[in-house]
Amino acid sequence: MKPAMSTTSPRPLRTTLPANAYTDAAWFTLEMDRIFAGMWLAAGRVDHLERAGAFMRVDVAGASVLVVRASDGSIRAFHNVCRHRGTRLCTGAHGTFQGSIQCPYHAWTYGLDGRLIAAPQMDEVAGFDRAEFPLRQVACAMWDGHIFINLSDTPSPLPEQLGELPQRFSSWRMQDLRRAHRIDYDVATNWKLVVQNYNECLHCPVIHPLLNRMHHYLAADNVPSTGTYCGGAMGFKEGVETLSIDGQRRRHFLPNLSPRDREVVHYFAIYPNFLLTLHPDYMMTITIWPQDCGRTRLVAEWYFHPDEIAKPGFVFEDAVEFWDRTNREDWAISEQSYLGISSRGYSPGPYSERERQLWEFDQFVLSRITYQANLHTAQGGGAS
Amino acid sequence: MKPAMSTTSPRPLRTTLPANAYTDAAWFTLEMDRIFAGMWLAAGRVDHLERAGAFMRVDVAGASVLVVRASDGSIRAFHNVCRHRGTRLCTGAHGTFQGSIQCPYHAWTYGLDGRLIAAPQMDEVAGFDRAEFPLRQVACAMWDGHIFINLSDTPSPLPEQLGELPQRFSSWRMQDLRRAHRIDYDVATNWKLVVQNYNECLHCPVIHPLLNRMHHYLAADNVPSTGTYCGGAMGFKEGVETLSIDGQRRRHFLPNLSPRDREVVHYFAIYPNFLLTLHPDYMMTITIWPQDCGRTRLVAEWYFHPDEIAKPGFVFEDAVEFWDRTNREDWAISEQSYLGISSRGYSPGPYSERERQLWEFDQFVLSRITYQANLHTAQGGGAS
Amino acid sequence: MKPAMSTTSPRPLRTTLPANAYTDAAWFTLEMDRIFAGMWLAAGRVDHLERAGAFMRVDVAGASVLVVRASDGSIRAFHNVCRHRGTRLCTGAHGTFQGSIQCPYHAWTYGLDGRLIAAPQMDEVAGFDRAEFPLRQVACAMWDGHIFINLSDTPSPLPEQLGELPQRFSSWRMQDLRRAHRIDYDVATNWKLVVQNYNECLHCPVIHPLLNRMHHYLAADNVPSTGTYCGGAMGFKEGVETLSIDGQRRRHFLPNLSPRDREVVHYFAIYPNFLLTLHPDYMMTITIWPQDCGRTRLVAEWYFHPDEIAKPGFVFEDAVEFWDRTNREDWAISEQSYLGISSRGYSPGPYSERERQLWEFDQFVLSRITYQANLHTAQGGGAS
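Protein chains in written order, with our numbering: chain A, 5 to 388; chain B, 5 to 388; chain C, 5 to 388.
By construction, these hints were calculated from the structure, which means they are not laboratory data.
In this text, a Cβ means the ideal position worked out from N, Cα and C, and glycines have one as well.
Any given hint could be a false lead.
As the list claims (entries may be wrong) - Coverage of chain A stretches by chain C, computed from C-beta distances (three or more under 8 Å per stretch; other residues unrestricted):
1. 83-91
2. 127-135
Said to hold, decoys possible - Which residues of chain C face chain B? A partial, calculated answer using Cβ under 7 Å:
3. S68
4. G90
5. R264
6. V268
For reference, chain A alone in the conformation it holds in the complex (with noise of 0.2 Å):
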C-alpha cells in the first residue's frame, strides 16, 4: 500500500495512530500500566464522603481501590485487599464503615486509616508484626473538590499534572458544587476514541443536530495543549444562554463567573480519565474507565451550586437531557470508528488542522508508552 504522504509536502502529514494502538490486547495493558496506573485519575467527590467512614470503591486498571474519609476528617485510599489471604474487603460501590473496615473472610481488621488493629491467630505466629501489615495505601489528592487517585508507588505531585488549571477555573469553586444526577454508560469502543471524540467539533455538523445549534463548530478557542491535558471554550450562537434542550439558562449564573466566562463552555480533557465540562451555570464531568481494548465504562455526572438546587422551582433536566442525547451520538459513532480500526481495511489516515489537539493526544500517549519502556531497557529489563 501507497505510503499516506505526498512527495510534495514539506513534512509529512500527522496521521492517526496504528490499528494495534487501539485493538491490541498487550498494548492496552501497557496502557494500563504506564498510563493509568501512573498518573492521578479522577475518582469521585470530597462531598460524596461527608461522615468519618464514608467510602467509595473506584475498579480501575485491575485494581480495586477504597476511597474512604477517616476519623482525622482526611480522605485516604486503599487496595481493596485483606493483607491475609487477599479477599476483597468489600463489594459495594459505596456505603460507611462502622469505625474500621474488617476482612470478612477471617475477620482480619483494620482502621480508617488503614493499621492493622487485630489479626486472629496471628499474633503466636513467630516473627508476625501488625505493623508490617497495613492496607497497602493508594495515594490520594484534592483539587477544588475532586478526589484523585494514583496507583504509582512513585508519584508526581497533583500540581504537575494540572498545571494552570486550578488558576484558570478558581472563580467556578468547583468544591461548592452539588450533584444532581449521574449517568452510567458501557461504550464499546477504546477509550482513547472518547478523548479524542472530546477534543473536536468537526463531527458536530454531521451527528449533533442540537449541539450544532448551540454552539459554532470551528468555533473552539484551544489552549496550547500540554503533555496532561487540552482544551478550550466555545462561545454560544446568539440567543444561546447554556447548554440546555433550547438553549435557554433556567439557573443564575454560577457566582463569580467573569462577563466572558458567562458566553462560553469550557471543555478539558485531563488526561487520561477525566472530561470537565464547564458551562455559565453548571458544572459536566465525565469519567473514563477502560474494560478491556473495546469497551469502557463511561460515568456522567452534572453539579449545580447548592442556592439553586435548594430554590423550589430548581430543574436540572434540560441540562441532562441536553448532554445525554449528545454523548449517546458521540459514544454510537465511536463504536463505529473502533469498528473501523479494528478491521483489516484500516490504515492510519490524515488530521486536519482542526484536529491539532488529537494528534497531541496520540503524542502524549506514545511518550509515555515509549519514555517508559526507554527507562526500563535502560534499568536493565526485567519484569515491569
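Using the hints, position chains B and C against chain A.
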C-alpha cells in the same frame, strides 16, 4: 501411544489433521491471512445489486467489505473504512447509496468508484491530496452471476481458481437464476469440518434418513481434485427426480441441461468458502464465514429459473425443507466432531478411500499454510 | 513494597501463593496437565453403574471420558472420541449403551471393552487393522465404592495416592452407602481456593453461623499432611449429634463405627478433586471440576445407609439443607478471595499456624509444577 499405521502397509495410512489445525487460535489466524485473505471468496450475486448505488456488506477474515454497483454499471468492492479516522462507513447488511458514500463521522465523501470527492477542512492541509485517499479497493470478479472478492493486494486471476468449472457448468446459465429463499446458520464448529462433511456421503445412511432415500451413498462420481476445488455428481435412486421432500420434481428442468445432468446432482466445494450444489431444477449455494476456531456462520440460498418463479403455482418449499433438514443434520454432527477433536483424547485417525477428497482438502490447507511460511522465510522474515 | 517478613524472625513467614498461580491461564494449563491429568480423580460411584452398558460421562482437564460397566462386570474408562475422525461418541451425561458404542457420524462401532468391532469401508484400506484402533483407554480404579480415573499414560497405583485412608475409613464401608441427593454449583473462583477454604475453620465463626454452633472452630485434630491429602476430625459441641439443620441426628449411626467416630466429623481433602466428609450417620462428597482460572464446577452428593433409606420415615433434607447453606457461604467468600487475589493490590500474605494445611497444599501444587518442569528439562525439552 502407538502410531496409527501398520508395519506391513505399503504406505502410511492417510489420516486426519492434528488437533491444533482445528483448535489453535494462531492457526486460525494463519488460515484467515493465507487462505481467506489470499483467495477468491464467493460474496454474493450480481442480481442482488441491480441499480447504481446498490451495495452489500461482507465481513470476513477481519475485513468489512462493501460490494457496490458503481455509476458505470460495474461492480466494485472497497474496504468499509473511512480513510480519515478509520470509521466504519456503513453498518447495514445491504441497501442503496444515493450517488456517493459519506462517512457518518466527519462527512468525508467518496464516489461509487471509491474516489474521495470531499474532505472537509483537509484541503487547507499542506501536502494533502484527495487523490491519495480513495477508498481502499478490494479485488472483485464475476463468474456466471456469482460475485467473488479477493482481499489480497496481488490476487491471482479468478479463472485460475475456478479451473474447468465455468466450462463444466455453462449449460446451467447460473446468472439467469434468481433467489427464492435464504437461511443463515450459526454453527459451533470449525469451518474445515463443514467442507469435509460436504465432501463425503459415507455418513448419509447414518445421519440423513431423507437424503439416503434419494442417492445411493457410494455412487458419487468424483472429478479429480485440483488444488482449489473438488466435487462430483451423484445419481438418483429409482423413482427420484430431484432433491425435494419426497423426491418429486415440481419445476421444469433448467433449460439446456443434457439428459445426463437431468439425472444427477452436482456437488462442488470451491475452496475455501463456496459449496455449489446443482440440481436438475434448481441451485443451492452455501457460503462459509469462519468467525473463530469453533464458530462458523453459514448462508444457504436457493435459486430457481425466473420462468418458473413467474408461474402462478410456483413452489420452492419442498427443496428448502429438504435441505434445511439435511443441513441441520450436518451442522449437528459437525459440532460433535469439533467437540471431539478439541478434547485431550483426540489423535488423527485414518481415512477410507471414500474420503480421499477430504485428505486432498487437508493437503490444500497445509500447502497454503506451508507454502506461504516458506515464502516468508525466504524473503527474510518479519511480521506477516 | 516492603517484603512480607520480619527481620527478627527465625524463619520467613509462610505466605500464600503469588497471584499468577491463581490468575495466569498458562499456569492453569500446567495444573490441568500435571495435576488433573497426572493424578487420580474421583469420578463417581460404582453403584451408579449397575448394569452392563451403563455409563457416565466425565469432562475434565480438556478430556471427555466415558466410564462404562463392561459386559464382564468390570468398570472401564475410555476417551469419548471416535478413532476415525474424532467425533464425540456420546453427548449424554449418563445412560446405558445397548451392547456396543457406536459413533453417530460414520457408525464405527466399539465393544463395551473398547475394541473396534466395525469400521465401514475401512477393511479395504491397505494396511488398516481394526486391532490398532480401539477406544483410547483411561486408567480406572476403585476405592470402597468410589471410582477414580487417571488421564496419565503412566499412572502410579491408586493406593499410593490414598496412603492410609483405606485403612482409616474401612469401618464406614462406604461402598454400601447410596446417594439420596446431589447439588451442582457453578462458582466464580479458582479451584485451589475451594480446597483451601475446606482445609481451615478459622473462618467458621465469621461466615458460618450454623456450622459454628456445631463445632468449636479451633478443635480440629489433623493428621500429618501427606503429598496427596490432608485432613482431620472435629468433635461436636455439647448436645450436637451430627451436622444437620438443628444438630439432631435423625438416622442410626452408620454400622461398625467406633464410639469415637460417632462423636466427630472427618474432613479430608484428597488432592486434587475430592473432598470427603464423613459424619456419624452419613457421607457428603464434593468433587471439584476446574473450568478455567476463575471458574469451578462443584458437585456435592449426600450418601446414606440403605437400611435407613428403606425406612418409611427416612429424611435427608436436614443434612442437605445444613450443608447447602454452609457450602454457599463458602463459595461466596471464595469468590471474594478470587476477586481480591486477581487485583493489582494483592501480594502474598502470612498464614497462621492454624492454616498449616493450606501452606502444605500450596507446596503440593508447587512441587507438581516444578518437579514435572525439571523432569521435562532433563529429558531435553520440547513441547509438553
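Taking the hints in turn, this is what the structure says about them:
{"no.": "1", "hint": "83-91", "in the structure": "holds (count 9)"}
{"no.": "2", "hint": "127-135", "in the structure": "holds (count 6)"}
{"no.": "3", "hint": "S68", "in the structure": "holds, 5 Å"}
{"no.": "4", "hint": "G90", "in the structure": "holds, 4 Å"}
{"no.": "5", "hint": "R264", "in the structure": "violated, 43 Å"}
{"no.": "6", "hint": "V268", "in the structure": "violated, 40 Å"}
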